[in-house]
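Colleague: Residues per chain are reported as follows:
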Amino acid sequence: MILNQFLLLAAFLFCVGVYGVIVRKNAVLVLMSIELMINSVNMNFVAFAFYNDNLAGQVFALFAIAVAAAEVGVGLAIVLLIYRNRRSVDLADLSEMKG
Amino acid sequence: MNLNDWALSLITFLPLVVAALVIAVPKADEDLQKLIALVGSLIPLGLVVWVLANFDYDRSGELQFSVNRGWIDLINSRFHIGIEGIGLPMLVLSCLIIPLCIVYSWNHFPDPHNPKAFLALMLLLETGMNGTFISQDLILFFVFFELVLLPMYFMIGVWGGPNRQYASLKFFLYTMFGSAFMLLGFLALYFKAGRTFDIAQLMTNVETAGISTNTQRLIFAGLFLGFAIKVPMFPFHTWLPDAHTEAPTQGSVILAAVLLKLGTYGFIKIAIPILPEGARFWAPVIGVLAAIGILYGALGCLAQTDFKRLIAFSSVAHMGYVMLGISTLTTYGINAAVFGMVAHGFITGMLFFCAGSLKERFHTLEINRMGGLLKTMPKLGWVLGFASMASLGLPGLAGFWGEFPAILSAYKPHPSLNESLFRVFMVVAAVGTVFAAGYLLWLYQRTAFGEPKAEWAGHEFHDVSTEEWIAWAPMLIAIVVLGIFPALLFGITDGAVTNLVDHVTKVLGS
Amino acid sequence: MISVLSASEAAPVLSDGFFLGYTWLLPLASVIAFAFILFFAKKIDKRNAAAYISIAFIGAQFLFASAAVVQWQVRDKVVVVAHEAEGAEGEGEVSSDGEANAEPAEEAALGLGTSARFAVPTAEAEGEAKLRPAVEKSVTWYRNGPIDVEVGTHVDGFTVAMLFVVAFISLCVHVFSREYLRDDSRITHYFASLALFTGAMFWMVQSATTLGLLFGWEVMGLCSFLLIGHWWEDTTNTNAALKAFFTTRTGDIGLLIGIVITFFAAGETFDMAKINEAALTGKMSQWICFVAATCLFAGVVGKSAQFPLHTWLPDAMAGPTPASSLIHAATMVVAGVYLVARLYGVFWMGFSIEVGGMNLGAWVGSITLVMAAALAFVQTDIKKVLAYSTVSQLGYMIMGLAVGGWAGAIFHLFTHAFFKALLFQASGSISHSGSHHSFEMERMGGLRKHMPITFITFTAGYLALCGLPPFAGFWSKDEILTAASANDFKFAFYAGSLGAFMTACYMTRAYTKTFFGENRLHLFHDDHEAHAVAVDVHDSHDTHAVAAHDDHGSHDGPHESNWWITGPLAVLAVMSTIVGLLQWPGWLGLPAYNFEHFIEGNVFEETVLKAFGAPKFDFAIAIPSTLLGIAGMIVGVVYYKVFNHDAGLVKRGGIFGLIHKVLKNKYYLDHLWTGVVVGSIKGPIAKGAYWFNQKGLDGVVNTAGSTAVGAARFVYKYIDQGVVDGAANGLGSTAHGFGNALRRAQNGKVQNYAAVFIGAVGLAALALVLFV
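Chains as they are written, first to last, in the numbering used here: chain H, 1 to 99; chain S, 1 to 510; chain Y, 1 to 772.
Hints are computed from structural coordinates only; laboratory data are not their basis. Every value quoted in this text rests on a predicted model; they were computed, and no experiment measured them. Just to be clear, a hint being listed does not mean it is correct.
[Unchecked claim] Short derived list, chain Y residues pointing at chain H, Cβ under 8 Å:
#1 747
#2 748
#3 749
#4 750
#5 751
#6 754
#7 758
#8 760
Note that CB positions come from ideal geometry on N, CA and C, so glycine has one too.
Make the full structure from the sequences, and use the hints.
Modeller: Set out below in structure tokens:
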């Protein structure tokens, strides 16, 4: 089944992304991991769209890519600012949201 | 613009506009405020005269000058107005009383003065009252019915006597309490009888929809509570003496002349035609309460030492006659009731005017401190005597036609009612006429006859002033004219009342 | 054939019935006079303008009424002629108005069977007497459903006779008042009330409907109230006015109910002719008739001062004397009698008069006439004596009607009006000129020398009242007694005879005390207080009056009044003497029973004539009753004049003392009514009701209000502040604890959050897979 393989790949990529988000200390790498997660979802969209013969999924995937691009743009800008202020992008140092 | 369509709306909403205008006038410019208010209240009077002139008296049972537009589509409530033989006299009464009150107020604004607000409230009241009498839709009716409360609340609460806050709050809450049940009744009708608030449609719907008798009775009970408190009927009358005693003169006059009629009008216009079965069931109860009210109000009068309170209790007795007439469900009775409403409006309004003028001159309403009025202020004394005589139902004056036909009707109530029971009411009502003579003439003896009390020696009293004459003359004339030519009023009401009774008979008969 | 001739000549002018058809102009004129006097008389710059205007009006009305009398008399002939002509067109000529057109045929049909019964040997209609049709006019007053409520006039002989007597007495009283109330500061009010009263009485006697009658009835009550209370500064007067109004109004409860019952029982009509017809034809059952008659009779008892509601009439003497003479002697108080006579069909059936024995009306009338006569013995005020005499005579009339003496009772009403008005006005004359505005007989005495005209006229009235032939009272009283005897009302007959004796006796007492012996006025000369208390107090503002007062008060002894007063007295005296001859029994070939013939109508024919036949003069009754009258006078003279025993016997105590005490206290009826009934209603009952109102009903409301407020307080204090707010507060602290616990999780490390988040999603996903 062709769908299964796409889904498995997507699941693997998602898990990689999750791992990266949780474990990596570098904010840039976390962002990249997020991209991985988003793209795994995109892959699911496309796969289901193909499987169901429905273009909506493809359209959503395009939207998601656009949004992800914007998100990365904003995210990198924030990271850049954090780096400027702190000379570090280590997430372990950023605990100002502590309750 | 077709005046036929617009007349009633103008009569109703023009006072509201004028009220806004009065408010817009600078506070200092009192003359302008009074002038605007007077003119603004005279225009509806002129319009109502036009309506009277163009009213088709042969079809007084049918709605005339009616307008039926969409209003709140969601609940199928429509802006349906119109006038027929029962509402018209009340509309005329209301449109006449307000200008007279404004004229009377001219130099007699009660403390704390502020004519601007006072006039605006009076005009607002007129909107509410007129609107109630032309509404053909229950929600519309309810809105106007409740609209009346607020200005009166402020009138009593701001311009009232020493105990005004208690009285105004009691008035407001008590009537609101009744209104809540009335609204419940309206909603029950809406849901049970074809999702409409239109009175005419409800009449046919209830007749055909086969609402169970018990439900009809329950709904009637709700409406009964709302209207009976407004009338007020014994034993729901206790807000009345307080409200009257504390209210400023104009407030008392409007309250007695028009506001009380909203309740009785509701019975005739809404409760009975829509729910004849409920009316049949509750008629004996209404009759009993009316009969008790007649005697009880009179006894209450006999115990009073305060002029205004006495007249307030006399209202309870007089409204008892009106309600007795209504409860018989006959043409005699309901015609008498409508006549009684108008007559009571003029007569008791007149008595309250007298009370106000006495209060202004004596600064008290203690009956025992007055006396010798005929000596100090003969004109006022004779006006008071005239009003008293009218109030006790002397033939030849308007009061008689509200009283005697009501007694007459109780002899032979609607065939579906218990005849012997109503004959007892008839006797009680007839006995009530003696009591009426009793309390009014004792009042008159104590205030007008005899020598002036020593405490007023050397005190200079001014007799009836010009603006008082202007305000009173139409009422005095109306009392005599209606007393001698009852057809003037019966001619308007009879068609509508006959229709109503025919409808009731048809429903109860089938 | 004379009749034919006169009729054909008179017909074009008189038979069109102008004065009969337009009688409603009489009350209208009175109302105009009333309004005019009230609003304009004071503006006219002439003293006593009100009096002159008033006299002018009543004079014109008197002429009108006289013309109506003539026209009715002529109508007799015209109708007979018309019947002889046997044509509908003839009838059309007779009655101009449409209503009356139908009547003659109908009544002719009715009358055929009965007309033979009263074949009165009159010159005009030899055995062919027909009832003259009443002149009726009506308009719709208002409509109620299918019923037209009508208002109209019904003018027949009875009405015309009443119109005449009212106009006549009223004219006399107006003239008399011009002098008697000269300089009274409220003269306009007085004459306005008098005019309104006259109008109301005119209206009442011509009204075709019970409703119209009620109008006149009540407006007369109002005028009576105003006139009794004319000098309203004094509480005694206003109390009397109120008492009169309440008492009659109490009776009116019955009247109202009676009108209502007859209205429905006769098929929804107020028309009295129809009501009578319904009663006599059996459309109204006997029981309904009885109830209706009893109720109506209550109104009669109130208005005509019958036992036990007679107590207001003596008190009503507080009013000006001419007003008393018009209202409380001659006219208004006979309204009740008029009502019974007018609705005689109802009473006839209701009281079963035909049966004889006794009935409610006969009882009440008999009791009234005796007990009021007894009260007259102990009065010291001449007006009170006359007042009780009026009550007694009214009892005669009621009794007369109730025993089937319809014509006799009405005739007594007619004659009594003249001689009682005369007696009252004579007493007014005495008070005006002979006793310093007092009516106390103690201040009089020997006045026959000082006031000869008053004396002579009073004597005429006195003899008429005592029922000596040929004075007016003899004929009418005798006719009532004859009816009572012939129609088998034994008790009523004995009561009436006793009453005749007592009347003669107490009138003799008053007569001798007033006109004979020594004048006692000087004994009271310095009694200025009494002067002020005396009834006819002039208004103190009127300095002229006070001056004039003191003038003849202090310096003049008793003297004769001027012609404004003696004129009416003389006229009335003549009438009192001759008016009884109207019922001349036909001796010497003169016309017989004219009065009866004049007033007879449908009702009379259908009831009395049918059952008893026309009453006839009966020597067997007349001679004993005359002797009784003479005996009464003799006893009176002997007891009061010769032995001067006014209080002598009764001072001895014992049974006479007791009787005297009871009489002095008016049988304690005043105590019963004023003290017990009214007092308790006005006092404890009203106060109790009000207490109930304030504590009971309003208590409920206030309790409801305060309970609501209390409940609100409770809710606020305990539930809102305690439970709800407590809960909220508790929630807060709990949340605080939780937060504290949870804040450790909030370490600000983004990756922790992400881990928790993803873990949670994972768990959720697991749950989804496992459970759904």
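Colleague: Give a verdict on every hint.
Modeller: Consistency of the hints with the structure:
1. Interface hint status for residue 747/Y: upheld, as the beta-carbon distance to the closest one in chain H is roughly 6 Å, under 8 Å.
2. With a cut of 8 Å, the hint placing residue 748/Y at the interface with chain H holds, because the nearest CB-to-CB distance is about 3 Å.
3. This hint holds: residue 749/Y has a C-beta 6 Å from the nearest C-beta of chain H, less than the 8 Å allowed.
4. Given hint, residue 750/Y at the interface with chain H, holds; its Cβ is 6 Å from that chain's nearest Cβ, closer than 8 Å.
5. With a cut of 8 Å, the hint placing residue 751/Y at the interface with chain H holds, because the nearest CB-to-CB distance is about 5 Å.
6. Because the beta carbon of residue 754/Y sits about 5 Å from the nearest beta carbon in chain H, less than 8 Å, this interface hint is met.
7. Given hint, residue 758/Y at the interface with chain H, holds; its Cβ is 6 Å from that chain's nearest Cβ, closer than 8 Å.
8. A least Cβ separation of about 13 Å between residue 760/Y and chain H goes past the 8 Å threshold, and the interface hint is therefore violated.
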